[in-house]
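Note that the protein sequences, when read in sequence, are chains A and B.
The opening position of the first sequence corresponds to residue 1 in the working numbering, with each subsequent residue numbered one higher.
The opening position of the second sequence corresponds to residue 1 in the working numbering, with each subsequent residue numbered one higher.
Hints may be right or wrong, so weigh each one.
Stated by the list, open to error - Straight line, CA to CA, 27 Å or less: simulated DSS-like cross-link-like pairs of lysine-lysine:
id : chain 1 : residue 1 : chain 2 : residue 2
1  : A       : K63       : B       : K390
2  : B       : K179      : A       : K179
3  : B       : K26       : A       : K390
4  : B       : K179      : A       : K213
To be verified - Only part of the chain B face toward chain A is listed, based on derived beta-carbon distances under 10 Å:
id : residue
5  : V23
6  : N25
7  : D39
8  : H119
9  : G149
10 : A162
11 : V163
12 : E164
13 : T167
14 : A194
15 : K199
16 : L269
17 : F295
18 : W297
19 : P431
Source of the hints: derived by calculation from the structure; they are not laboratory data.
For glycine and all other residues, C-beta sits at the position ideal for the given N, C-alpha and C.
There are 2 protein chains.
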Amino acid sequence: MGRIYIEDLDKHIGKEVTIHGWVYNKRSSGKIKFIIVRDGTGLLQCIMVKATLPEEVFETFGKLTQESSLKVTGTVKEEPRAPGGFELEVKDVGIIHIAHDYPITPKEHGVEFLMDRRHLWLRSTRQHAIMRVRHQIIKSIREYFDSNGFVLIDSPILTPNAVEGTTTLFETEYFDLGKAFLTQSGQLYGEAAAMAHGKIYCFGPTFRAEKSKTRRHLTEFWMVEPEVAFNDLNDNMDLAEDFLEYIVSSTLKHKSNELETLERDTTYLEKVKKPLPRITYDEAVGILKDKGIDFEWGGDLGGTDETVISEQFDKPVMVHRYPAQVKAFYMKRDPDNDKLALALDVLAPEGYGEIIGGSQREDDYDTLVERIKEHNLPMEPFEWYLDLRKYGSVPHAGFGLGIERTVSWICGLDHVRETAPFARMIYRNTP
Amino acid sequence: MGRIYIEDLDKHIGKEVTIHGWVYNKRSSGKIKFIIVRDGTGLLQCIMVKATLPEEVFETFGKLTQESSLKVTGTVKEEPRAPGGFELEVKDVGIIHIAHDYPITPKEHGVEFLMDRRHLWLRSTRQHAIMRVRHQIIKSIREYFDSNGFVLIDSPILTPNAVEGTTTLFETEYFDLGKAFLTQSGQLYGEAAAMAHGKIYCFGPTFRAEKSKTRRHLTEFWMVEPEVAFNDLNDNMDLAEDFLEYIVSSTLKHKSNELETLERDTTYLEKVKKPLPRITYDEAVGILKDKGIDFEWGGDLGGTDETVISEQFDKPVMVHRYPAQVKAFYMKRDPDNDKLALALDVLAPEGYGEIIGGSQREDDYDTLVERIKEHNLPMEPFEWYLDLRKYGSVPHAGFGLGIERTVSWICGLDHVRETAPFARMIYRNTP
């Protein structure tokens with residue numbers, strides 16, 4: 001396991017090392033040749049000087065094509081002008097495999113061409129940086145919850161009931177038990193677990209068979225969903241802002257190189273600090289009206305509405321207390337106004353829209369039964385969920401944060417398709 | 001967010017605190033009443049002394065039933081004999097919700113009864129401990145890879161092809177693209193990503209629509225799959241043993257209380273230290289023959305065979321170089337014996353069977369094409385996978401570790417159904 005990687009070269013200055021990698025690029029300047037090698041952790045400029053090398057080693061340069069794999073041995077030198085700050089004075093080159101006609105060249109390619117070759121496109125500097133930022137975001141999320149006493153609960157993917165209709169659900173035959181459906185949220189399961197562990201989070205893939213062909217929709221996406229017993233809407237907002245501050249600042253701290261590669265202007269990201277602005281839905285509607293937008297109280301905020309509202313703030317904005325009629329049956333109503341649900345959405349700045357949706361949950365048995373009836377939902381599949389209001393019911397609240405939208409926002413991307421290793425959309429499930 | 005939890009009471013000795021939780025148990029001894037409260041982080045004995053309490057507070061004791069929710073305020077005292085080492089001298093009790101006829105009582109219940117009430121069963125001490133151990137195992141796995149330079153790659157759940165037949169696959173309609181299938185492994189995608197990042201791991205739910213009704217099978221289970229460019233079979237074994245040592249020792253270190261609750265004898269777990277024994281399949285067959293088992297060279301090891309082999313060792317044993325005929329098409333053959341695949345299985349001690357399966361992968365284009373044909377598999381769905389052997393192919397290897405079997409082993413459980421929050425089996429997909 002003693003292999004040396006490019007990102008660790010600062011520990012090997014002046015020493016002879018062997019790097020295993022691929023040819024990212026090469027260029028020639030008379031009797032000096034340059035191979036830029038990538039090994040997955042970084043780029044390294046390797047210098048071949050004709051006068052210092054046996055002829056057969058120097059001549060391997062001519063055989064190397066883009067993405068050919070090789071072992072290159074040489075001495076590590078500090079070189080501030082080189083990518084990564086180091087270069088290698090080559091002593092030997094061992095070709096492992098010569099690539100022929102690598103399809104992704106430095107020229108511009110269309111997105112569909114690249115998505116068809118996603119298994120190779122991942123090697124490009126930009127995609128490489130995005131995946132590393134994605135990893136950091138996920139790591140920061142888990143760190144946040146793990147270090148704050150939350151217990152991880154992996155809610156099931158295969159769920160037995162299409163409780164809110166089947167139109168946006170993927171379904172599969174489940175042995176002799178009829179159909180099963182791919183989960184859209186772990187929340188209901190998370191609520192059960194919060195009564196066992198106090199503070200929990202679910203974190204896994206979720207699915208929407210939505211026929212939405214927008215830059216913000218994937219059919220398969222990861223979602224993290226904390227749920228906390230005894231939290232009310234205010235506690236939920238406190239948690240959301242503390243959490244967002246942590247994951248954004250932690251990503252800025254650890255992935256500044258990658259964000260630079262992505263040419264991300266981090267001005268707005270650096271402002272993601274507590275407290276975040278909190279406005280009611282009523283106030284949000286007021287903003288829309290001030291801006292001359294024809295918006296009627298009672299409707300849900302659309303993408304454009306969200307952009308207009310978020311543009312009034314230089315930080316993510318928390319919008320709370322939505323009309324109950326546009327929100328889910330399980331949300332608790334505002335005790336001061338029964339028309340409002342104790343819902344919370346967080347809108348990212350710079351037009352990235354909703355990244356968090358959550359609420360305080362209805363904790364009264366009879367009220368929840370009433371809501372299920374009002375929404376014309378079947379009672380039987382909710383019996384276990386109602387049990388949570390029968391046996392030591394407590395106030396509780398939680399939210400969900402979509403990973404791909406968050407990666408898109410933090411990386412400053414135009415489309416979520418680049419945020420997942422192999423994105424799934426209505427018109428794509430390959431490779 | 002200033003709520004005080006039972007696990008943090010050591011910071012509040014002698015102070016007045018309010019704990020939010022549920023009645024786990026209660027008992028009475030004349031003018032002293034005891035409520036055992038659970039809050040998800042621990043158990044706390046709360047003492048109500050008649051002489052020191054207003055009558056209406058003292059009388060709430062009579063109303064409290066198992067799993068009723070409450071707030072209890074009092075002074076924290078050290079008490080080595082109490083669960084957790086502290087007790088609370090009660091000053092006030094606020095009832096939040098009285099539970100009626102909580103179905104899970106201290107008496108013994110049948111497993112099906114409990115699985116039907118999994119949303120409540122999670123509150124029981126034993127299930128609570130298992131979920132916390134599961135969380136620690138997952139946390140340790142991620143820590144291991146994150147701190148060793150691996151990049152997390154979330155491979156897709158919805159995959160386009162049923163490349164090895166549909167009999168053990170869950171399938172779903174995917175818009176106009178025909179059928180999609182729930183992944184059985186992220187490995188092929190992980191191989192692509194390893195060529196981009198050098199060292200990666202996939203970690204997510206995987207699915208097997210197997211009609212196996214055993215104590216070791218779930219239809220939905222989590223799997224972590226590292227894949228490393230330039231690793232061979234020996235490197236793969238080095239990685240597997242280093243990884244296993246880390247996750248087991250880290251879980252023993254951080255979850256000793258939970259393992260004690262589970263009455264787990266940790267003698268064998270404490271022995272999971274490098275180096276782990278490495279034996280060839282041939283040697284494994286030799287062990288079986290020595291034990292008088294009628295086993296013919298060339299077959300796969302069954303559950304009983306695995307148990308017999310693992311009983312010869314007091315640590316997990318790595319069995320390598322299996323007959324190629326019982327292993328997957330993508331495994332590289334042993335250059336010294338073409339009948340053998342460079343496969344690796346790790347068998348846990350104490351009869352827990354296979355917890356890791358992996359291999360070095362075939363990295364030669366022509367050979368892999370040949371294997372696909374030999375296995376009568378269609379070529380087209382593998383074109384992207386073959387690309388990895390066309391453009392800078394390198395030796396590489398990886399493995400998969402099943403989370404639920406690992407939890408079962410580390411917790412010392414009889415059946416994997418208790419290792420997932422809401423286990424899915426052939427005859428169960430509820431609640």
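Hint check:
Our distance criterion of 27 Å between C-alpha atoms is met by K63/A and K390/B, whose separation comes to about 16 Å. Taken as a hint, the K179/B and K179/A pair is honoured in the structure, with Cα atoms around 16 Å apart against an allowance of 27 Å. Proximity of K26/B to K390/A is assessed by CA-CA distance (about 20 Å); at most 27 Å being required, the pair is judged to hold. With a C-alpha separation of about 19 Å, the suggested pairing of K179/B with K213/A holds against the 27 Å cut-off.
Because the closest C-beta pair between V23/B and chain A is about 7 Å apart, less than 10 Å, the hint holds. A hinted interface residue such as N25/B counts as satisfied when its beta carbon comes closer than 10 Å to some beta carbon of chain A; here the least separation is about 13 Å, so the hint is violated. At about 5 Å, the closest approach between the beta carbon of D39/B and any beta carbon in chain A falls short of 10 Å, and the interface hint on this residue holds. Given hint, H119/B at the interface with chain A, holds; its Cβ is 4 Å from that chain's nearest Cβ, closer than 10 Å.
Because the beta carbon of G149/B sits about 7 Å from the nearest beta carbon in chain A, less than 10 Å, this interface hint is met. Annotation: A162/B was flagged as interfacial toward chain A, and the flag is violated, the nearest CB pair being 13 Å apart, outside 10 Å. With 10 Å as the threshold, the beta carbon of V163/B stays out of range of chain A, its nearest partner Cβ sitting at about 12 Å, so the hint is violated. Proximity of E164/B to chain A is violated relative to the hint, the smallest CB-CB distance being about 17 Å (cut-off 10 Å).
Because the closest C-beta pair between T167/B and chain A is about 12 Å apart, greater than 10 Å, the hint is violated. Among the interface hints, the one on A194/B holds; its C-beta lies about 8 Å from the nearest C-beta in chain A, closer than the 10 Å criterion. The beta carbon of K199/B comes within 7 Å of a beta carbon in chain A, closer than 10 Å, and the hint placing it at the interface holds. Because the beta carbon of L269/B sits about 21 Å from the nearest beta carbon in chain A, more than 10 Å, this interface hint is broken.
The beta carbon of F295/B comes no nearer than 32 Å to any beta carbon in chain A, farther than 10 Å, and the hint placing it at the interface is violated. The beta carbon of W297/B is not positioned within 10 Å of any beta carbon in chain A (closest approach about 33 Å), and the interface hint is therefore violated. The criterion of a C-beta within 10 Å of any C-beta in chain A is met by P431/B, whose closest approach is roughly 4 Å, and the hint holds.
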